[in-house]
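Protein chains in written order, with the numbering used here: chain F, 7 to 290; chain S, 53 to 390.
The reader is advised that the hints may include incorrect statements.
[As the list claims (entries may be wrong)] DSBU-like cross-link-like pairs, simulated, lysine-lysine; straight-line CA separation at most 30 Å:
#, chain 1, residue 1, chain 2, residue 2
1, S, K201, S, K184
2, S, K312, F, K149
3, S, K187, S, K201
4, S, K385, S, K98
5, S, K187, S, K354
6, S, K385, F, K149
7, F, K149, S, K187
8, S, K308, S, K98
9, S, K201, F, K149
10, S, K385, S, K201
11, S, K234, S, K354
Worth flagging that the hints you see were computed from the coordinates, not collected in a lab.
Because the structure is a prediction, the values reported are computed rather than measured.
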Amino acid sequence: MAAFAPSPPASWRESSPLPGFGLALGFTVLYLSAIILLPLAALVTRPWQHGVGGFLGAIFAPTTLEALRLSFAAAAAAAAANVGLGLLIAWVLQRYDFPFRRVLDALVDLPFALPTAVAGIALATLYGPRGWIGGLLEPLGIKVAYTPLGVFVALLAVGLPFVVRSVQPVLADLDAAYEEAARTLGAGALQTFVRVVLPALGPALTTGFALAFARGAGEYGSVIFIAGNMPGVSEIAPLVIVGKLEQYDYSGAAAVGVAMLTVSLAVLIATNTVQTRLSRRGGP
Amino acid sequence: MTHALSRRGALATGGSALLALPGTARAADPTSLLNASYDATRELYKGFDALFAADWKRRTGREVRINQSFDGSGKQARAVVDGLEADVVTLALAYDIDSIAARGLIAHNWQSRLPFNSTPFTSTIVFLVRGKNPKRIHDWLDLVRADVKVITANPKTSGGARWAYLAALGFATHRNGGDARKALGFVRGIYANVPVLDTGARGATTTFVQRGLGDVLLGWESEALLAIKAAGPGRLEIVRPSISIAAEPPASVVDKVVDKRGSRAMAEAYLRLLYSDAAQDLAARQGYRPRARAVAARYAAKFPPMNLFTIAEFGGWKAAQARNFADGGAFDKIYRPR
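Work out the full structure: start from the sequences and follow the hints.
Right under this line is the structure:
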């Protein structure tokens, strides 16, 4: 009767066409425990060696606070910029046909594949005072490499594929008929985009933002080469963690790690909530 | 019913596997030796390992394979503490070996077990400047000039940078008649001229040589000699300041590991061979100052005598580390946000 209604996920009592539920669940629990839960548990139990005071002291030291602020602010700014740029790129790649479209499409994934250190060194060379782009900006008084702006640029590169790859499939599924319908009903181009296309893309854009943000906040390899790493100015939080490890201050390092985890988790939960709201409201 | 059973079975499997995670112990393998060293020694130990393998074969008739692990000095020490089974450690500073010893893996008297504080060769901190020294940088005082940009690594993450910081501090302490406050003021003046703090010594060299940033690189003499060789004639010059620090990268057997693996004899022979004339010659060619008199005499032109003080000047590594590089220490105060 209800053959075409979407079926709810099969509970473990019901038999599913896919066999081996018990084994699969066992593996899932084991695997997630081994690679995610156990390391996280180890992290969360670590910082309390010097009590709550030691934990708070490690996080609220002035240079640590500055580093946390820089990491999260740069990650948020870069993710936000990537939402705009990523949407544009996804749109161009999905909605138009032109020579070398597939090549450009493949290029988007390069930041995934490139070792982050390679990306960082390339960016530092390009944007350094003697670099191709840095050399042009220098006379204008704009310094990118070895400033907080450099952190932003590195995170821009790292985060882009997350947004493009989140949006692209949704854009592909979005029937052009909706846009045509909107136009025939008298909506302008801008109105169609804002009222019809954007609401449908909202959840995907939010996911892209969250992924790019989370990745950017914890990014080390590419940022370290272009940041300049001046304490209190262009030092990122992961570098503070490395610095503490270098002094064998495991509990201090773990404290900063827990602080980063907490903020990232809060942002992920917030974006998830926004995403759920958006997908309930919008969508064709 | 069957499903319920299998689910319980699955959870049990997951649970017991969680408890059985730690790896099993490796079987004893006395035909190999692992040396955990720091980044800048790659070229040196490549040559030395071949030297040792040949020597060991000649004396015992047995083959030996030397495995090498390279990373930042502090990172290597942490790896050994966390279970990396290195038979010997050859690190950038005694502080890192001390911290392995503090966790009971190395005997506390390790530094007196081999000649020269267990340091087979030394280096020092020098200035590397551009060809023909355009900014006329000759001594420490030039580093605080307003028109000079200094490139060096972050002492919190780089062992070599810690030697550089202490070299500057030692100079300033001597100059100011032991006035610690004035000395720190001078060091602060140098770091005020630093536009980029790289995380490692090699990174700082790259910033100075490849990216062309700064007027002077403050770092290892061995690294400066290597950079000059790589850059070609005329592009870079070494400037040796009036006074600097004797940087001692020490070596030790990791007692817990060699006793477990039964490799003590081999590991001790490996470290002793570092003091042989052949090994000292190799080290000198790689830019390290040899200890052996005969070899040092041969390379006298490459390593002009310098006025050097040691880490003892600062009461040893433990005191130097706590006062200068620990969180809230002197280095942090330099960068306190204004």
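Comparing the hints with the structure gives:
With a C-alpha separation of about 17 Å, the suggested pair K201 of chain S and K184 of chain S falls inside the 30 Å cut-off, and the hint holds. Taking the CA atoms of K312 of chain S and K149 of chain F, the gap is about 55 Å. The hint is violated against a cut of 30 Å. For the hint linking K187 of chain S to K201 of chain S, the alpha-carbon distance of about 10 Å falls within 30 Å, and the restraint holds. A distance of roughly 40 Å separates the Cα atoms of K385 of chain S and K98 of chain S; the hinted pair therefore is violated under the 30 Å criterion.
Restraint check for K187 of chain S and K354 of chain S: the C-alpha separation of about 24 Å stays at or below 30 Å, so the hint holds. This hinted pair checks out: K385 of chain S and K149 of chain F have alpha carbons roughly 26 Å apart, not beyond 30 Å. The hinted pair formed by K149 of chain F and K187 of chain S meets the criterion: a straight-line CA distance of about 23 Å does not exceed 30 Å. Restraint check: the Cα-Cα separation between K308 of chain S and K98 of chain S comes to about 25 Å, which is no more than 30 Å; the hinted pair holds.
For the hint pairing K201 of chain S with K149 of chain F, the CA-to-CA distance comes to about 16 Å; that is within 30 Å, so the pair holds. For the given pair, K385 of chain S sits about 20 Å from K201 of chain S by alpha-carbon distance, which is consistent with the 30 Å threshold. Our distance criterion of 30 Å between C-alpha atoms is broken by K234 of chain S and K354 of chain S, whose separation comes to about 34 Å.
When held up to the earlier numbered hints, the structure conflicts with 2, 4 and 11 and fits the remainder.
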